[in-house]
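S.K.: The chain contents come next:
Number of protein chains: 2
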Amino acid sequence: MNAPDKFAQLLSLTREPFPASRKIYVPGQIHAGIRVPMREVALSNGESATLYDTSGPYTDPTADINVRRGLEAMRTPWIDARGDTEIYTGRAAQAVDDGVRRAGQPQASTAPPGGGEVREATSVGENSRREDRTDPSDPEVQRIAALRAQAAGLQRTPRRAKAGANVSQMHYARRGIITPEMEYIALRENSKREWMAEYLSDAERNQRLRGNPMGAQLPEFVTPEFVRDEVARGRAIIPANINHPEVEPMVIGRNFLVKINANIGNSAVTSSIEEEVEKLVWAIRWGADNVMDLSTGKNIHTTRDWIIRNSPVPIGTVPIYQALEKVGGVAEDLSWEIYRDTLIEQAEQGVDYFTIHAGVRLPFIPMTAKRRTGIVSRGGSILAKWCMSHHKENFLYTHFEDICEIMKAYDVSFSLGDGLRPGSGADANDEAQFAELRTLGELTKIAWKHDVQTMIEGPGHVPMHMIQANMEEQLKHCHEAPFYTLGPLTIDIAPGYDHISSAIGAAMIGWYGTAMLCYVTPKEHLGLPDRNDVKQGIIAYKIAAHAADVAKGHPTSRARDEALSKARFEFRWHDQFNLSLDPDTAREFHDETLPKEVSKVAHFCSMCGPKFCSMKISQEVREFAARQGLDEAAALAQGMQAKSAEFRDGGSEIYIPIQKL
Amino acid sequence: MNAPDKFAQLLSLTREPFPASRKIYVPGQIHAGIRVPMREVALSNGESATLYDTSGPYTDPTADINVRRGLEAMRTPWIDARGDTEIYTGRAAQAVDDGVRRAGQPQASTAPPGGGEVREATSVGENSRREDRTDPSDPEVQRIAALRAQAAGLQRTPRRAKAGANVSQMHYARRGIITPEMEYIALRENSKREWMAEYLSDAERNQRLRGNPMGAQLPEFVTPEFVRDEVARGRAIIPANINHPEVEPMVIGRNFLVKINANIGNSAVTSSIEEEVEKLVWAIRWGADNVMDLSTGKNIHTTRDWIIRNSPVPIGTVPIYQALEKVGGVAEDLSWEIYRDTLIEQAEQGVDYFTIHAGVRLPFIPMTAKRRTGIVSRGGSILAKWCMSHHKENFLYTHFEDICEIMKAYDVSFSLGDGLRPGSGADANDEAQFAELRTLGELTKIAWKHDVQTMIEGPGHVPMHMIQANMEEQLKHCHEAPFYTLGPLTIDIAPGYDHISSAIGAAMIGWYGTAMLCYVTPKEHLGLPDRNDVKQGIIAYKIAAHAADVAKGHPTSRARDEALSKARFEFRWHDQFNLSLDPDTAREFHDETLPKEVSKVAHFCSMCGPKFCSMKISQEVREFAARQGLDEAAALAQGMQAKSAEFRDGGSEIYIPIQKL
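As they're listed, the protein sequences go chains A and B.
Each residue of the first sequence is one higher than the one before, counting from 1 in the UniProt record's numbering.
Each residue of the second sequence is one higher than the one before, counting from 1 in the UniProt record's numbering.
A couple of the hints might just be wrong.
Claimed, not checked - SDA-like cross-link-like pairs, simulated, lysine to any residue; straight-line CA separation at most 20 angstroms:
no., chain 1, residue 1, chain 2, residue 2
1, B, Lys370, A, Lys392
2, A, Lys392, B, Arg627
3, B, Lys370, A, Glu204
4, B, Lys449, B, Arg175
5, A, Lys370, B, Arg175
6, B, Lys370, A, Asn206
7, A, Lys616, B, Arg175
Hints listed in this document are in silico derivations from the structure and should not be mistaken for laboratory results.
The structure displayed is predicted, hence computed values, not measured ones.
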C-alpha cells in the first residue's frame, strides 16, 4: 500500500476490536463451510459472554483488509454450488451513472437524500453543486478519476439467474431447501448459550420475566429449518443479492431479533467516497445490521461500488434517486425504461434491497391535500409529481410484475416504500397512509407469487397511542411480511433530539412486531449527520431494538442484561463497560469522576464513595435472610417485638473503614 | 452588588429569555392577586404560541433578581389571609446541621446522594473528604463562613399551623375551599387557548388523533374546582410548604400534564453552594417542574437555604440523608428523635415534599436476598441496615402518624419512597417491590386520614412489557395517589445512555398514568452529572412527558406539536427552533450546515437543497386535488386511462430554478 494512505489512516480508527473482545467463529453442521462470527467478551471473573456481532471482518485483527480489493466473497462457493446462475457481461457503464450531464439536459440534481424528512433524509448531502471540474491537472479531478478506475477494478463481473431460474432465498425455502445462508442465520440468532445458563435457569425469574411476544412466535432455539419456514411463509427475509457475496447473512423477521438500519450517502461537497466507506465501517461497528446508501448526485455509481464491495451487511438503496439524476432532476422525464435500467445497474452491483414506492398511487395523492405536512418522503414526492404531471398511474405500480422479474434474477428484496407516510403527528394514521399500506399488501401478494422476498416500510411520525394500530394494520393487510419502520417519532417538538423522540416509538413498535427499525439521528429535520451523529443514532436504536427484544422475551437479550447487572452489582467496572452497547463512552464517563485504574476494581462507585457499599449491605441481607428465614420475618410483620440485636454484634457498620479497602 | 460577583456572572448565563419569547402573566378571576406566568413565543408569521413555563422570574428581564435576598414571597399574602398559621421562633440552628462533627463521633459521611442507583444517585457528589478547614485566614473558610452568614439572613422566620389547625392544600380542598394555589394551577394547566383554535378545530383530525387517556379523566378545560376536587380525592398534590412562599404553584396528578423532576445536590469537592443555585436555575430553564436537593455532607443546611429561597419550583429532599450525617454515618445510630428533628429543621426551611422510605419493612428485607442486584436505593439500604441491626420494624413505619402531624403543620407532602425498587430488569416486579408498594398504599390511607398530601415513588429498572403492571398495581393498591417514577429504565446494557433507555420507559408509564417522571442523566451508574448532563436528562424527560401528554390527549400538547409542524412545513426555521424544547441546539445543528441567516427564511432545507421543495409539490397536490376531486381520482384507480397532461402545462418542474428563490 502506498503511504500515506488515507484509507489506512481512516480505518485504523475503527479496526481495533472492542475491549476484552475477540472474534470467534461458530461452524455449521449442515453446511460445513460456514463460519459464523460472534464477539466473545472475556470477563474479569473468568466468565465470558458471546454477543451478536455486526462489525464484520474489520474487528478481526487477523483479517487482511484491503478496501481496494474488497472483502472476501464468502458466499461465492455457496452460490456456485446451487448451479442456477450464470456469469455474464453486464450492462455497459454509462457516464450518466455517475451523474455526468448529457448535452442539452438540465443540470442533474445534486440534492442529497431526503425530502425534508426522515428515512431519506438522514445521510450526508450537499446544498449547492460544485463546479464540474474537467481540468486534468486538477488534483481533485485526478483523485476522482483514480477512484473510478479502482472501483471499476473492484466491480465483479455480474451474475444472474439462468433463464427460467429464480435465485431468491424465498424460492429455495419454498422448495424445502435449507441454504447455507439459513443455517448461518440460525447460528447467528442463537449466539452461544453455554454462558447464559446461569442467567436463564431460575424458575421464579423465568416465570416473572417471561416476555410478552405480542403474537410473535419465538422459538426457544432457532433451527435452520425454522429460518427456512419463516422465509417460505414470507414472514422473514434474507437480503442477499447474488452479486453481494461478501455479505454475512442476516434475517429480518418478527420472530427473530429486532434489527436496525443506518443510512449513509455521499455528498460531493461534504464527504468523499473514502469517507463513505469509513462511515459504513463505523456504522456496523456500533451495531447497524443493514445500511442504506442514499447517495445522490455525482459519483453515485462509483460510491456504491466501493460501499458494496466492502460491506459485510446488506445494502439497500432507493433507485428512484439515481433514476432522477439520470433525467436531470426532472421528475416528469422519468420513465419505466430509465428506471428499469437503473434497477439492473444496481442489481448487478449487488444491492440487496430496493425501496420502491409502488404504493404512491394516483388516486391517493389528493388524499394528502389536507395534511398538516403534505408528502414528506422524497421518493413519494417524486412519484406524486410524476403522476400529477402525466395524470397517469405510478409506473412502479403498473410495472410491478416486471420489477419482480428483475428481483428474482438477482435475489434483490423488496422494501415497499411508504411514500405517503406522515411527516407530523397530525397526519398519522390518515386515509392516505393506510390506503398506501393496503396497496403494499396487494403488491406483497404479487411479489410472493414470484417468490420475491418482501418487507414493508412504515412511518414516520406517530403519537404513542396510535403506534399499535400501525402494527395491527400492517399485519392485517400485508400478510405478516416484515415491517420496517422509521422511528416512529412520537412528538414533533424535539428537533435536535429526534433520535430520542423516535427511539421511544421504535422500541414500542419493535415490541409490537416490527422487524427492523430505521434509525434517526439527532440532526433529523435540521442538517447533515456527522460521524458522531451516526453513532448517536445507532446507539439510540440499539437501545430501542434491545428493549423490544427483552420485552418479547428473547433469552439471549435477557442474558446480556443480567450479565451486565451482575457485573454492576459486583463492582466489576471493566466488565460493565465491556458488556455495554458503547464501552468507550461508559468508560469515559466513569473516568471523568474516578480516573484511576484502582477505582475500577474497587468495591465502590462514584455515587456511593469509598465508605458506603450497597453490595456489602446486600451481603448482610443474605446472611440475615439465611439466619431469620422468611417465615419468622413474616411473623414479625404482624406483631413487632424487640429482639436481641445479635446482628449488631457482627460489627455491621454501614460505612466500611477506608483502610479496609 | 459587589463586582466581580460570582453569582451575577453565573446567572447571566441563564437569565436571558428564550428567543422571540416574552413572559406574560395571566390574572386570576376568583383570586384577583394571581398572576400566572407563561412564555409567549412570537412567530414570524404574526401568530404566537403560549407555553407552560417552569423557568420562574429568571427569564423575566423586568424581574429584580438578587440571590442573596431570594425570590419574592408571592404566596405570603395568600397564606396570611387564611389566618391559620403563626410565626414562631424556630428550631435553633446546630453545628451538626451543616455536617460539623461532634466530639467523639465518627466522621460524618460525605457520601453524596445515591446508593449506586438512580433517583438518589443523579446529583453531584464527591468521593473523598477534604480536610476540615478551620484556619480563619484560609480564603475558603472565609467564603463558606460568609455564605452561611448570608444564608442565615436569607432564612425566613418560620411559620407553622396554629394549634389544632391543618394547613395542607388537601385539608382546604376537602373543606370545599378553592385556594389561590388551585386557581393558579388551573390557569397554568390550560395555557392560553386562543392561538390553539386553528390546530384543534378540524373534526376529522380531532377524531383520528383523539388521545387514549388509559383511564385518566382529562377535562377539556381545567377549572379551579376541578383542581380542588382532584386534590380532595388525593388524586393530585400541590407541593407547597407554607415556608416556601416563593413557589409558583404546580400540580402533580394523573389528570393533569405529566411533570418531571430533576435532582441536584451539593458536593464539598466538586461544586459550591453558588453552583447549586445556578444548577437549579439551569434545571428549571429547561423544564424541570420539581427539583430534589439530594445534598449530603457539609453545608447541607446552608445549601438548602440558598436553594429554597431562590426556587420558584417545589423542592423535595430525602431527610434520612441528613439524619444519617447527624449520626456520623452510622445507620444503627439513627433514631426517631434525630429523624424528627431533621424533619422539623427542613420543614421550617420550606421543603415541599419529603421522600420517606416508610415501606422498607423488616419482613420485606429477606425478600431481596435472592435478587440479582439487592437493594439499590440509598435510603432503602440505610433503613434495611437499621432494621437488621436492631431487629426492629422500620421506625418510619412505626412513627408514621407522628410524621403526619409534622407534615400537616407545614403542608409538606409525602413522597413515599420505594426503597426496595429493582436495580435491574431481573429484579423487576418481584415480591419485595410489590410488598413495599402495598405497604405504601396502606400508608397513603393513613396520610389521607390526616389530610396530608401524598404521592408514591416507583421504579427503577423495568422491561417494557412489565411496565403497565406497575401502573396497574399502583392504582389498585395506592388508591389513585399520584405515581412518581424513576424512568423506568427498560434495559440494563446502556450505561452512558440511560437517559434514553429510561425515557422510553418514562414515556410509556407517563402515558399509562404516572404523574411525575424523575429524570435520569447520561451519567447514571457511572459518575456525577455536570451541567450538560443535567440538561440532557431534562430534555429527554421533557420528550417523555410530552409524548405521554400527546398520547393521553391533552389538547395543549397537540397544539404545540401542530404549531411546530406547520412552521416546519412552511420553512419558518426560526419558528421551528423557537417552538422546540431546546431552541439553542436546534439552531446550532441547523447552522452547522447552513449558517447564513438567509437560509433560515429560504424555502428549502439542508436535506433537499435549494432546488427541490416538498412544500411546492404539496401546493401542487392541493391544486391537483382541487381540480380533480377525490371522486374522479378514485375512479381512476379502477381503470387507468391516459389523460391530457394539462397539469404539465403549468410549468411544474420539480426543481425550482435557484434564481426564483
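S.K.: All hints are to be evaluated individually against the structure, with a verdict given for each.
M.R.: Structure-based check of all given hints:
no.: 1; hint: B:Lys370 / A:Lys392; result: 68 angstroms, violated
no.: 2; hint: A:Lys392 / B:Arg627; result: 15 angstroms, holds
no.: 3; hint: B:Lys370 / A:Glu204; result: 10 angstroms, holds
no.: 4; hint: B:Lys449 / B:Arg175; result: 14 angstroms, holds
no.: 5; hint: A:Lys370 / B:Arg175; result: 50 angstroms, violated
no.: 6; hint: B:Lys370 / A:Asn206; result: 14 angstroms, holds
no.: 7; hint: A:Lys616 / B:Arg175; result: 49 angstroms, violated
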